[in-house]
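**Student:** Residue numbers (this note's numbering), protein chains in the order written: chain H, 1 to 645; chain G, 1001 to 1249.
Treat the hints with care, as some may be off.
Distance condition first, Cα-Cα at most 20 Å in a straight line; then the derived SDA-like pairs of lysine to any residue [stated by the list, open to error]: (1) H:K185 to G:I1027; (2) H:K501 to G:H1050; (3) G:K1147 to H:K214; (4) H:K511 to G:I1027; (5) H:K21 to G:A1195; (6) G:K1170 to G:G1135; (7) G:K1016 to H:Q211; (8) H:K504 to G:L1044; (9) H:K541 to H:G620; (10) G:K1147 to H:K501; (11) H:K180 to G:E1208; (12) H:K19 to G:I1027; (13) H:K511 to G:L1209; (14) H:K214 to G:R1014.
Bear in mind the hints are in silico, worked out from the structure with no lab data behind them.
Here is how the chains run, residue by residue.
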Amino acid sequence: MVTLNSKIPQGPLSEKWTKYKADQKLVNPANKRKLDVIVVGTGLAGASAAASLGALGFNVKIFCISDSPRRAHSIAAQGGVNAAKNYPNDGDSIGRLFYDTIKGGDYRAREANVYRLAEVSNNIIDQCVAQGVPFARDYAGMLDNRSFGGAQVSRTFYAKGQTGQQLLLGAYSALSKEIKAGTVKMYERKEMMDVVLVDGKARGIITRDLQTGKLERWFGHAVVVATGGYGNVYFLSTNAMNSNGSAAWQCYKKGACFANPCYVQIHPTCIPVHGDYQSKLTLMSESLRNDGRIWVPKNIEDSVAIREGRLKPTDIAEENRDYYLERRYPAFGNLVPRDIASRAAKERCDAGYGVGTGQAVYLDFSSAIKRLGKDKVEARYGNLFQMYEKITAQNPYETPMMIYPAVHYTMGGLWVDYELQTTVEGLFAAGEANFSDHGANRLGASALMQGLADGYFVLPYTIQNYLSSEIYSQPIPTTVPEFDAAEKAVAEKIEKLMSIKGTKSVDTFQKELGHIMWNKVGMGRTAQGLQEAIPMLKALKEDFWANVRITGDTNSMNPELEKALRLSDHIELAQLMAKDALHREESCGGHFREEHQTEEGEAKRNDEQFMYVAAWEYQGEGVEPQLHKEELNYEFIKVQQRNYK
Amino acid sequence: MNLTLKIWRQENARAKGRFETYKVENISPDCSFLEMLDILNEQLVDKLSHPVCFDNDCREGICGMCGLYINGRPHGPDDGVTTCQLHMRRFKDGDTIVIEPWRARPFPVIRDLVVDRTAFDKIIQEGGYVSVTTGGVPDGNAIPIPKKNADEAMDAAACIGCGACVAACKNASAMLFVSAKVSQLALLPQGRPEAARRVQAMVAKMDELGFGNCTNTYACEAECPKQIKRSNIARMNREFLCAKVCSEE
């Protein structure tokens, strides 16, 4: 049985990281060359970690499932990256970024981690500028900022509406430099199938080559998993098609605790669902909420008329529009955090005021166009407007956009300590794959910050504290029985899947899983719904293993098999999510239990009983996982009810 | 909509490829092109056949993973979009659509519509970066960068590395791709110290990998889903010439 030790350094909050760095053990250059590190995933966290570790002199192997490290889904982040630079002189500071992040996370994140994140945020901007990331600048040539949800200062750095792309390409360029230098070896189109433990420590991985189907073994003195989140459990999400939680799930099954799986972020501004053939949902950047105003008709008859096509949104007079975010949250208005904006949209649509299919609200730029002129609006959001028009065939300069919340990000993930090490020795998790910094809700423009903080500035330090004790460990040949057993288990799983030869396609199951999760473990959760979801998921798992049909073969490129392997893990992950959501008898951040709300319909936390991280430990197939609690102690922040009014 | 699809099928790099004809029915005009292929693949799985392999990931036009040659044009009939952003409302009921992989020697077919584009990564590895390592860098505002330069660098940096420029070019030239990266870094003060070495190394690698030369037809610019400008090629040529003439390397 594991014990959770978060290893938070002693001392005042603002000195913890400095003190940690001063006290930690390092590895000398000659020994670094003898140490192998495996990094799985080439997004912001993985690429930046591999590049930094390679530059330090470690032998790094990095793996991705795409054809190139530059495809990782970090690339799709639009809005920006937060940092406490206070360039606009509007009162920002490390302390304020720290506070906003903790509050935004609804007091469910670890203070020490979040403070460190805020501390290194400024280094990220400097690093990216030095790499040649073309951030937006003002006419003086200085870096420009904009504001984002959950903050009253402008601290978001951006590169048009493609900030994630530019930061990822920056990390990719740093990675490319190390590949050229020979310190990092890159392996494309290989998917991690299992992590291999020898004497209780993570010592390597098994991969499947997605071109040849070949299973391969890799040794590392340490393994870093930076494989992103598990939003695709919902089938329809803003995640890329290939994003998946499989690697993290393999780690869980080998003993790494999985923390807060029920914390899922539903992003308020996505293009609504329009058909059952739909494969994914597209996000419209949160930055649009800077100038766009969200509304539905005030009178329900108008909503009905719009849905039936008798009225157009532009027919609704100003006084008959309900700008419900501005009405409910005058202090933050349209810039309330994501969980709050999403729930408010759902509340209006559930009450019958929705437009479009009934599951949509308006995001309107007409007043911004009046105030700023079309040119300025185009300069700010042109590419997003164009993207919207391409998908919906509607022109947002003339008619308001329609948006609806969609699954976007998972705050939960592998439990890690202050060093980003999981409960398995030598196994680290970085970026969205870990649970560490966002509590129950992530603020906009903080995912890029966390991914790069972990990869550039945290892991390169903390992993050395572990590796310093590994300098006497000789590389383990991948012929030892532990590797044999792990590879055999993977081969057997594949064989079993292929031999089912059932009647239902993988996509059928994916969609079914998505329906169950969205309806019962989605934006508004109830004990009853969750209790219904659990047997439904169990039945789905049985049905999948009895009736899935996978065509094609195992020794060449076979997307059906890839999807099936990931789905088999996602069904199990979904079971844990439902279990976690049922056990957490409170509402906090992205986890909203309808039984637990204030009279005004806001999330009602239960700090007495639930101010802890729920870390689940795998106990074996068919056995209930064990819950471990990491109590959260707020020493420096006064815990309050979150208020954006 | 009912459509006839002629799709390139090829088991692996060494196998001989061929066109296969398929029919799909009742396709919604709001369906994306790749969702239409998903529907086809569901049909193929139903008939116990191997689904058509095609690369795709983000499905919102930014990862650069998708890339199909549709009716003779990379990423299909619309300008400024990737394959995943193309919607079926662009086609008519009864249309026949021909779908092929990128065709260029440096991009060998892996299976069906999937090609190997690692050649692009190899070019970037030759110098598509500023050689800084993590830490020890000056403040982000230490060097002011004129807004115009920053904006132009951003426009060049918008390249998604999909390979449409190569597929569109009769010479399979990668000049637009390479010049986008060379331009981005040449326009920024951070990129200047290595500019001469960078352009020479990247161009040499591009040649070595078998990409053709530029003969100024600008098909690349016309087909680029991100509308990367051909002026980047001019800038790269100038950088290259300067490097050859002035550089001591």
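**Student:** Evaluate each hint against the coordinates.
**Tutor:** How the hints compare with the structure:
Taken as a hint, the K185 (chain H) and I1027 (chain G) pair is broken in the structure, with Cα atoms around 44 Å apart against an allowance of 20 Å. Pair hint K501 (chain H) plus H1050 (chain G) holds up; C-alpha atoms about 13 Å apart against a cutoff of 20 Å. Straight-line distance between C-alpha atoms of K1147 (chain G) and K214 (chain H) comes to about 50 Å, which puts the hinted pair past the 20 Å bound. Of the supplied pair hints, the one linking K511 (chain H) and I1027 (chain G) holds, its CA atoms being roughly 19 Å apart against a limit of 20 Å.
Proposed proximity of K21 (chain H) and A1195 (chain G) is contradicted: the alpha carbons are some 36 Å apart, above 20 Å. Restraint check: the Cα-Cα separation between K1170 (chain G) and G1135 (chain G) comes to about 44 Å, which exceeds 20 Å; the hinted pair is violated. Using a Cα cut-off of 20 Å, the hinted pair K1016 (chain G) and Q211 (chain H) holds, with the two alpha carbons roughly 17 Å apart. Simply put, K504 (chain H) and L1044 (chain G) have alpha-carbon atoms about 12 Å apart, close enough for the 20 Å limit, and the pair holds.
Our distance criterion of 20 Å between C-alpha atoms is met by K541 (chain H) and G620 (chain H), whose separation comes to about 16 Å. Taking the CA atoms of K1147 (chain G) and K501 (chain H), the gap is near 60 Å; set against the 20 Å cutoff, the hint is violated. Of the pairs offered as hints, the one joining K180 (chain H) and E1208 (chain G) holds, with about 16 Å between alpha carbons and a cut-off of 20 Å not exceeded. Restraint check for K19 (chain H) and I1027 (chain G): the C-alpha separation of about 62 Å exceeds 20 Å, so the hint is violated.
Between the alpha carbons of K511 (chain H) and L1209 (chain G) the distance comes to roughly 43 Å, so the proposed pair goes past 20 Å and is violated. For the proposed pair K214 (chain H) and R1014 (chain G), the alpha carbon gap of about 18 Å is at most 20 Å, so the pair holds.
When held up to the earlier numbered hints, the structure conflicts with 1, 3, 5, 6, 10, 12, 13 and fits the remainder.
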